[in-house]
Each structure stands twice: as C-alpha cells, then as structure tokens.
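Join these two chains into a complex; the hints should help.
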Amino acid sequence: MNASERHALPPRSAELLADPVAGAADRSAVEAPAPASAQRRAAATPDAMARLAASMVPPPPPAWRRALARISRLWLLAAFLVVWECVSIFGQRINPQLDVMLPPPTAVISAAADLMRRGVLFTHIFDSLYRVLLAVGTATVLGVPLGLAMGWSSRFRAVVDPLLEFVRPIPPLAWIPLSILWFGIGDVQIVYIIFLAAFFPVVLNSLAGARDVDTYLVRAGLSLGARPRELFVTVVLPAALPHIFTGMRVGLGIGWMALVAGELVAAPSGLGYMINNARTLFRSDYILLGMVLIGVLGLVLDYLMRQAARFAMPWHRGQ
Amino acid sequence: MIQVDVANVSKVHVSMKGEPLLALLDVNFQVEKNEFFSIVGPSGCGKTTLLNLLAGFEQPTRGELKVGGEVITAPGWERAVVFQEYALFPWYTVVQNVRYGLKRKRVPEAEQRRLVDHYIGLVGLHGFESRYPRELSGGMRQRVSIARALAVNPSILLMDEPFASLDIQTREYMQDELLKIWQRERKSVIFVTHSIDEAIKLSDRIAIMGPRPGRIEEIKTVEFERPRDPTNPAVVRLAAEVKLWLRQQVFETPPANPARAEPQAAH
Chain D
0 MNASERHALP PRSAELLADP VAGAADRSAV EAPAPASAQR RAAATPDAMA RLAASMVPPP
60 PPAWRRALAR ISRLWLLAAF LVVWECVSIF GQRINPQLDV MLPPPTAVIS AAADLMRRGV
120 LFTHIFDSLY RVLLAVGTAT VLGVPLGLAM GWSSRFRAVV DPLLEFVRPI PPLAWIPLSI
180 LWFGIGDVQI VYIIFLAAFF PVVLNSLAGA RDVDTYLVRA GLSLGARPRE LFVTVVLPAA
240 LPHIFTGMRV GLGIGWMALV AGELVAAPSG LGYMINNART LFRSDYILLG MVLIGVLGLV
300 LDYLMRQAAR FAMPWHRGQ
Chain F
0 MIQVDVANVS KVHVSMKGEP LLALLDVNFQ VEKNEFFSIV GPSGCGKTTL LNLLAGFEQP
60 TRGELKVGGE VITAPGWERA VVFQEYALFP WYTVVQNVRY GLKRKRVPEA EQRRLVDHYI
120 GLVGLHGFES RYPRELSGGM RQRVSIARAL AVNPSILLMD EPFASLDIQT REYMQDELLK
180 IWQRERKSVI FVTHSIDEAI KLSDRIAIMG PRPGRIEEIK TVEFERPRDP TNPAVVRLAA
240 EVKLWLRQQV FETPPANPAR AEPQAAH
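Protein chains in written order, with numbering that gives the first Met the number 0: chain D, 0 to 318; chain F, 0 to 266.
Same shape as in the complex, but just chain F (with noise of 0.2 Å):
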C-alpha cells in the first residue's frame, strides 16, 4: 500500500541576493507503508529540503506531496520529525520533552504517563527522565527525540541526517537500536543520509540524489535480509557501486580505471 507520493516536485528557493535557486527538479517516488525508505546524495543535492517540504516545513513550487492520499499542507504529528541536532527543548526534562507532542494530542493524563514511560523504556533511557537535555551525552540526546516522535504514533517517521553527529561507535550502535525500534513499531521511515554504508545498512530502498538542480536519479532495491553484514561480499559490492555510480553522476568524471576505485570506494 503507497504511503507517500511524492508527485513531479520542483523547489524554488530564493537566495538572499533574490536569486531565484533550482533546489529541486521533478522529484517523483512513492514510499510504502512500512518501508524502511533512504535518501542518499552529496551535501547540497536538495535532500534536507525535501525532508522539509514532506514535513510540511515549506511548501513545494510545483508539485504535490501526498500522505495517505492526503496533500500535506502543513507540519503535523504524523509526520514527527527527528533532527540531525535533535532539538530537544532544552527547558524541558526527558519526560517533559517525550511527552511533549502527547500533551498537544490531548491525550488523557493516564495513557500519557504509560506511553511516556513506554518509549522511554524502548530507547533504554529510563533512569535518566528528570535530566534536561544538557546533562545527556549525544547518543542519548537522539534517543530522546526518538522517542518523543514516536511516542506520538506517527504514521511516518522523518528522519534527517539523525546519526551524522555522533561518534562512528555511537552511531552504529544507534542504527542496530532504530532498526530494532523500527521492526516492533512498524512505522514507515524516510531517513536522509550522506552515508551509502548507513543507509545500505538500514534501508529497504535508497533513492540517490543528485545536486544542481537536486533530483533522483535512481531508486536501488537492498534485497539482503536484516541484520546485514558490512563484510558481506554482496553488501560490498552494492556498496561499491552506487558509491562509484553517484561519483560518476555527480562529478561527471569517472575515474580513469574503475578496477581501482572498486577497492577504494568498498572503505
């Protein structure tokens, strides 16, 4: 069942000189329910924007963004968001900031109390709910807005470059953790990355974008069964290439002898 559709989008943004910028050309894909859906690119391919425009943040140029059948027309809690810089609000503890979106649901104090206790617990944080954000390590920062966006029961989880800035242990560890989360919760996940190895890892489908005008260019299938093996030939192998295909696109110069940049792109 199609969850998201994002039909023939086009974003224009204007620069501060009021220069009218291409972020997106024809943007076209749909998204199942449930799918586990990355967007990979290099920095500047339009992909934080088109997180934007799904989150309802800003609104498309040309275009529509469906969800469920329905034009998203502004931001909303089935559609919760989890930032790259978790913008946890600092003068709220774990427990305020998890039940947060709760308290603008207006659901009953009872249920708020067991559905925060609920997803603080999935993200293993519980000994920590009186500490502000602050008092917390990176790791545990993100597991907080984790659970504060799915402690609402969204139907999509957004999630923007979510692990970028935590050290590479945390940050595996951090992707073993959504993965489990994601399996018992049965949410669908747009998940924007700069890393083919992350989104490989997690992924059911990965949209690869290009910058200048930011597009897709190409919508790969990972077929290997979860959990997936980083050593695995096979996941090597599909690493490698999209690696050397996205440089070819991009950079619009292959490299002289592909045989050499397999290894070299397999890092």
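So here's chain D without its partners, still in its complex pose (with noise of 0.2 Å):
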C-alpha cells in the first residue's frame, strides 16, 4: 500500500510497526523496546526509511570505478584491433600484398586524417545522411497517416492492402535501374530507393499500432465525450507512438542500408560512392574507413532516434 492510503486509513500504523512481543513482555520490556523495534522506530519516515535501507546494504561502488569497469568489458574489442594490427603488419614482411589486402586499422586512421585535411570526408557524410533523413523523413509523413489510417479502418485497409502487398516483396534494389532512367544519377534516384526501403516499415508498424490500440481506451474516450477526429488525436495517435518509433527506427535501419548500396551503384558523392571509388584506386585504407563510418554512423543515427522515442513518450521511460 502506498503512503496516501496509509494516510487516509485510521492512526493505527504505529501500533502495527510496533513490536508485538512487547505487549507481552513485562514492563521493563515496554519501557526499553527490543532493539529491533528501535530499528523500526528509526523507519518512520520515507527519508530515515531510505537512510536505513542504505545502511543495510553495502554502499555503491564509486564512480571511477563504475567507468574503469564498463571500459574493462571491452576488452575483447580491443583485442581484436590489436589482433588485426599486427596480422598486417607482421603480415606484410611475409606478403608485400597485405598492404593492400589488409590495411592495419592505425592505416584507417590515417586515412581518415587525410581524407579530412583535404576536406572531402564531412562533404561524403554530409551527402549520404542528407538523403538517408530526407527520405526516412518522407517515408514517416507519408507512412505514419496511411498506416494509421489503415489500421483504424478494416474498409480502408481492405482496398489498399492489395496494392500495397503487391508491391512490397520487391526489393528496393530492383528498382535502381528504372529509378535511373526515370531520375537520372544523382539525390532524388538515391533518395527514390532509400524511400522505397524505409516507407514499408514505417506502414506496417503503425499499422499494427492503430489495431493494437486498448478497446477500454476507446471505450474510454467514447463515453467521455471524444468526437471522431479527438479520439485519433488523444487516443490512437498516442496508443500506435511506440510502434511508430519502431517502424521509424527499423525504417532508418533498412534505408541506411539501402542508401550504401544504391551509392555503390550509381552516385555522384556519399560513403558509398567514397568506397567504390576507392576501390579503383587500390585504397583498400579508404574502403575500410567508409566502412567503419557507415558502421558508427548507423549506430549513431540508431542512439538518436531512441533518445527522440524516449522524449517524445515521457510515460513510456524505463519500460
């Protein structure tokens, strides 16, 4: 029971925290409580009730320590860098080809050094997170509502299904020929193909959300007034947020993916096109270093959406 029904029920609480073998004990006993009574005696309060729990448990460890032991559980990650770094370069003394083959990861950092001196690295990044969040964006505006609204309604849903699931098998990779001849090389046929990879899962996730909404919420806001458009808005909007979030995060996922391949293929700029072009170059330290980036920058992208799902759904925190 929480403390305001505590309070709202009669003062009874001290008798109740109190010793029950007291009363039975002779008197000399009730005037000098047992000590474990006095131990609950210390518990009246919720503050003295969290000093005395604290006391109870051994005290936390500090915070460097905290910090040196997550550092400690990457180890292994280490090692594999460490590993790598002397298999190439060891390696190169046995078979010159290595250096091509297997660029040491302190290469990639050098490469990434270079790359940035000549000022081309931020203008690949810049390039392929501009099309991976325009069309991830475009997939959410035009996803969202038409999930939604499939999901809300069964008649709605029934017409365009069929089209939707006619086209959805295809993979966004099969359309890059078309898209080139239809867009040219260039932001919109990449954009075109990251869409196209994003916006399925944006659907099919709100979608779900729409349907899975609580009936007594519904009911709920029905018979407390809730017009049509209110309901959407305070009800089923909120109810699908979380597989919104989902469907925009398995979206970015799956478009990050599609834009690396679509900018191997035909691209003016980007990671991707930074790796093929590499590639003709023999600068394998290059093709690892987009790698790496697009690797990191996925991660990244990843962190913020969930930051974005956390702050947008203050109920939903530590669930």
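Each hint should be verified, as a subset may be incorrect.
Residues on chain D that point at chain F, a partial pick, calculated with CB under 7 Å [claimed, not checked]: (1) Phe89; (2) Tyr215; (3) Leu216; (4) Leu221; (5) Ser222; (6) Leu223; (7) Gly224; (8) Ala225; (9) Pro237; (10) Pro241; (11) Arg316.
Output of the computed footprint for chain D on chain F, the stretches with three or more beta carbons under 8 Å from beta carbons of chain D [what the hints assert, rightly or not]: (12) 77-83; (13) 88-101.
The hints are simulated quantities; they were obtained by calculation from the structure and are not laboratory data. We put the beta carbon where it would ideally sit given N, CA and C, even for glycine.
Set out below in structure tokens:
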C-alpha cells in the first residue's frame, strides 16, 4: 500500500509498527524496547526508511570504478584491434600484398586524417546523411498517416492492402535501374531508393500500432465525449506511438543499408561512392574507413532515434 | 423519478464461428434518480453486456434502453463509465486524465482547473497530480478513474466490477470511499459486481442475474441503514439467502441440506 492510502486509514500505523512481542512482555521490556523495534522506529519517515535501507546493504562502488568496469568490458574489441594491427603489420613482411588486402587500423585512422585535411570526408558524410534523413523523413510523413488509417479502418485497409502487398516484396535495389532511367544519377534517385526501403516498415508498424489500441481506452474516450477526430489525436495516435517509433527505427536501419547499396551502384558522392571510388584506386584504407564510418553513423542514428522516442513518450520511460 | 428504463432488452452476440448466442433475454428494470443499483450474477450471465448496452458501446438486438426518457444510441459523458482495469490513458498524467472529459465538453479553462482540483481532492490524490498512471498503485488508479468519470458531472455512473482487481483491504476501503462520494455527489450508480457481499454493502437494490440465457431473476431491495455492518445478523441472513437462492437458480442443484448450506454461504 502506498503512502497516501495509509494516511487515509485510521492512525494505527504506530501500533502496527510496534513489536507485537513488547505488549506481552513485562513492563521493563515495554519501557526499554528491544533493539528490533528501535530499528523499526528509525524507519518512521520515508527519508529515514531510505537511510535505514542504505545502511543495510553495501555502499555502491564509486563512479570511477563503475567507469573502469565499463571500459574493461571492451577488452575483446581492443584485443580484436590489436590482433588485426599485428596481423597486417607482420604479415606484410611475409606477403607484401597484405598492404593492400588488409591495411592495419592505424592506417584507417591516418586515412581519415588525410581525407579530413583534404576536406572531402565531411562532404561524403553530409551527402549520405542528407539523403537518408530526407528519404526516411518523407517515408514517415507519408507512411504514418497511411498506416494509421489502414489500422483504424478495416474497409480502407481492404482496398489499399492488395496494392501495398503487391509492391512490398520487390527489393528496393531492384528499383535502381528503372529509377536511374526516371531520375538520372543523383540525389533524387538515391532518395527514392531509400524511401522505398523505409516506407514499408513505417506503414506496417503504424498499422499494427493503430490496430493494437486497447478497446477499453477507445471506449473510455468515447464515454467521456470524444469525437472521432479527438479520439484519433488523444487515444489512437499516442497508443500507436511506440509502434510508430519502432517503424521509424527499422526504416532508418534498412534505409541506411539501401543508401550504401544505391551509392555503390551509381552516385556522384557519399560514403558508398567513396568506397567504390577507393576500390578503383586500390585504396583499401579508404574502403575500410568508409565501412567503419557507415557502421558508426548507423549506430549513432539509431541512438538518436531512441533518444527522440524517450523524449516524445515520457510515460514510456523505463519500460 | 425514474431515470433509467430498460424495457424488454435482448442481445444476440455472434461468436467467432458465426453462431448466434443469446447473451441477454427480455431484461426489464428501472433505476430511480440517485439510486445505487447493483447487478450481480456469476460470470457469463451477461452483466457486462448489459452495462455495455447502457454505456452505448453496443446496441440491443431487441428492446430499448432509455436514460432520462431518451433512447441510448451512443456513448456519452452523461453516462460515465468506470472500468475494472481502470482504462486510464497511460500517456496522460493524473491531472490530464481527470481533465480529459472536461476538455471534450469544452468547459472553460478556469472552470476545468477548479473541477479537476476538486475531484482530485475528493478521491484523496492531492500531491499525485503530475504522476503517470503506471506510477500509481491499483487503488490509486481506480480513484483517478472515478475522479475522471465524476468530473464530467454525469447523471449516471456506470461501474463495471471496479474493485475486482484490488486486494481485499483496498477494496473495502474503496467501497467506503465510493459510498461517501455517492452520498455527497448524489448520482445514480449502476454497479456491476460478482460479489454479493459487495452489492449488499453498497446498494439500494440488487438485480440478480442468471446465465444461459442472461436474464434478471429477481430484484431485491436492501433496507438496512448505511453504513452496513457485515456482521449484523440481518445482513448475514440476507447475504446467505441471496447466495443460496442464486446457487439454486444457477446450478439447479439445491444442496441436500439447506441448514448446512447457510453458514457456509455466510462467509
């Protein structure tokens, strides 16, 4: 039972907290309570209770030790990098080809510094990010209302579903040749490919979100006088929000993959283009740099997406 | 003055397999203004269906349900519902939940604030205004739900086993609170429960329902003054009588020795 309910009850908490044995014992025992009941009295207020609870368990380790423990969990990653470095440096003495086949991590870092100095690295990163964000943004703006409408109205869904299910199984990459004919090589064509990749996860998750709305919440809204539009904004949309964010995360992940594939095939710039260009120049350090950047940026985008979801759904935190 | 009039109501549900199922058959009763009216019966007797019809969530197959002389066709705030599982909006805080119906009613802003504050106080939740429902205990959630329903000033409060998922201490405490609120706010309450003791503690009249097909078997008037002492012999006798009677009606196998059944039923 919580604090307020206890306050509302008759003031008998003192008796309940007191040691039941004390009443049965002789008078001196009542006047000088046993250590157990003294301890219970020490927990009379929430603050005191928290202090008492803290005194009964070992103190938490200091911040620096927790940080150290966290870092020490990265040992396998560190070992992997060290082994990689050793293999490519010592391997080159045995087989000089390894210089191109497998550059060491340090070479990847100096490649990054090199490209940054020449000012092209951020152009590639910016172009790729711009394309993926524009495409996923468009997929969200179009896909969320479509999915919600399909989830809300089964009649609408029955009409739209066949068309959607006809287009959905076609891999986005299969659209590349046709889209080059339509849009030429450039931003529009790549954005179109990423959009196709991200659109369906967004639609299907929004649909699931709108269908899974608790009947009781809809009924509660109706019985409190909500009109259809109000019901949609105050009940269906917030109830579907976790699904919508899942759809956007999945869409972003798949869109990011489609971006790289699209840029590898045909693009004037971007990280995929950078990798493909490096291949023709035998610059495997640039290739590896591009791969690492794509992985790291994907991770960062996903992290930002989760933070946005946390911010947008304060009631959902910690679940 | 008659406020709720249920006349010859039958309801057929169609099962998943497409078979029609008689959920309610020829239900008739009236509820007076400011009356506390309970509907008891075993699970599957159609009491929740009846409440859904009163709320306007479903439409009757035959017959008519009227409130204040008007036929019920859709849900509306004049028949606010309190659900067993609270049905609080998880994305709204306590204040926002209680204010929900007032906003839909387009009550002026200042009046909204005043009413929200009043009803949160009435259910004893001052200090919890900015909490989300999942940060509250079951009893507190149900109190928010009651405050939310009362805030729109309904003429009838429909309650569907509101205390069934609370522990027994909280449940008894909530029953007392509900009675206090009902005596202060003067509203008709239609209260669905499977607990005969709960119905006797709270109600002016009790409709007893039987299953297959769902129907009202009898309507009993509870004459005792409130607060009712559950250990009062007369109350015990009434509870035992209703339980025994219900057992005979529903299971159609009366105990061989009624004298043995009575103290058992009094628990």
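So, going through the hints one by one against the coordinates:
no. : hint   : in the structure
1   : Phe89  : 57 Å, violated
2   : Tyr215 : 4 Å, holds
3   : Leu216 : 6 Å, holds
4   : Leu221 : 4 Å, holds
5   : Ser222 : 4 Å, holds
6   : Leu223 : 4 Å, holds
7   : Gly224 : 4 Å, holds
8   : Ala225 : 5 Å, holds
9   : Pro237 : 4 Å, holds
10  : Pro241 : 10 Å, violated
11  : Arg316 : 9 Å, violated
12  : 77-83  : holds (count 4)
13  : 88-101 : holds (count 6)
Comparing the model with each earlier hint shows violations of hints 1, 10 and 11; every other hint is respected.
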